[in-house]
Amino acid sequence: NAGVTQTPKFQVLKTGQSMTLQCAQDMNHNSMYWYRQDPGMGLRLIYYSASEGTTDKGEVPNGYNVSRLNKREFSLRLESAAPSQTSVYFCASSEAQASDRKGKLFFGSGTQLSVL
Amino acid sequence: QKEVEQDPGPLSVPEGAIVSLNCTYSNSAFQYFMWYRQYSRKGPELLMYTYSSGNKEDGRFTAQVDKSSKYISLFIRDSQPSDSATYLCAVQGNFGNEKLTFGTGTRLTIIP
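Chains A and B are the protein sequences, given in the same order.
In this text, residue positions in the first sequence follow the numbering used here: the first is 1, and each later residue adds one.
In this text, residue positions in the second sequence follow the numbering used here: the first is 1, and each later residue adds one.
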């Protein structure tokens, strides 16, 4: 059972380049999330999708766009990368609509992104 | 003031010791409390999940919530080297589809 799969695992970009981080889950979850993790800042929510066809901004959305391609896939795009976007990016999914499953996120293994 | 405060550590203890990890939060509306464990270069994984106040035990792990003081704790008994990881607390309200608020994490090392 794969769970949440993220690609790529590592990426180095130059300032101004663009790229898309891919995420797919095989647990039939409704909700999907993109987080970034920085030292001393913890996990911060970039964007989330409560269900197929909907997306909403999180805490730090500037410089990012997302697409919920279908129920399984949720991608994160950096249109013009900046050094401040150097971080570890995590995709997650959950059955967040069910009250007894609130907060139970399943994370991918992350993408280490460096912007030079 | 951050919504969730967590001592970043690092914390090093000898194998077999009892470990206490703690977080404080500011919003009394939070109802769900979680601990996630994150091994190096891996994504976080849910370790403990608690609703409202009280204790919850799972093997060597005990999660404790004190809503009166807005304080959450994770205790690890008989700590093992395999417990070496970063532990993140997380809180969540109960209003619709709310997102989690995470602490910054405490890095724990168990010394054999």
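The set of hints was computed from the structure by calculation and includes no laboratory data.
We put the beta carbon where it would ideally sit given N, CA and C, even for glycine.
Keep in mind that a hint or two might mislead.
[Unchecked claim] Anything over 10 Å on all C-beta distances counts as not near chain B; from chain A, calculated:
# : residue
1 : Asp26
2 : Asn65
3 : Pro83
4 : Thr86
[What the hints assert, rightly or not] Lysine-lysine pairs mimicking PhoX-like chemistry, simulated, CA-CA at most 20 Å apart:
# : chain 1 : residue 1 : chain 2 : residue 2
5 : B       : Lys99     : B       : Lys2
6 : A       : Lys57     : B       : Lys99
7 : B       : Lys42     : A       : Lys104
8 : B       : Lys99     : A       : Lys9
Structure-based check of each hint:
no., hint, verdict
1, Asp26, "holds (15 Å)"
2, Asn65, "holds (19 Å)"
3, Pro83, "holds (22 Å)"
4, Thr86, "holds (16 Å)"
5, B:Lys99 to B:Lys2, "holds (15 Å)"
6, A:Lys57 to B:Lys99, "holds (11 Å)"
7, B:Lys42 to A:Lys104, "holds (17 Å)"
8, B:Lys99 to A:Lys9, "violated (25 Å)"
The structure is inconsistent with hint 8 alone, although it conforms to all the rest.
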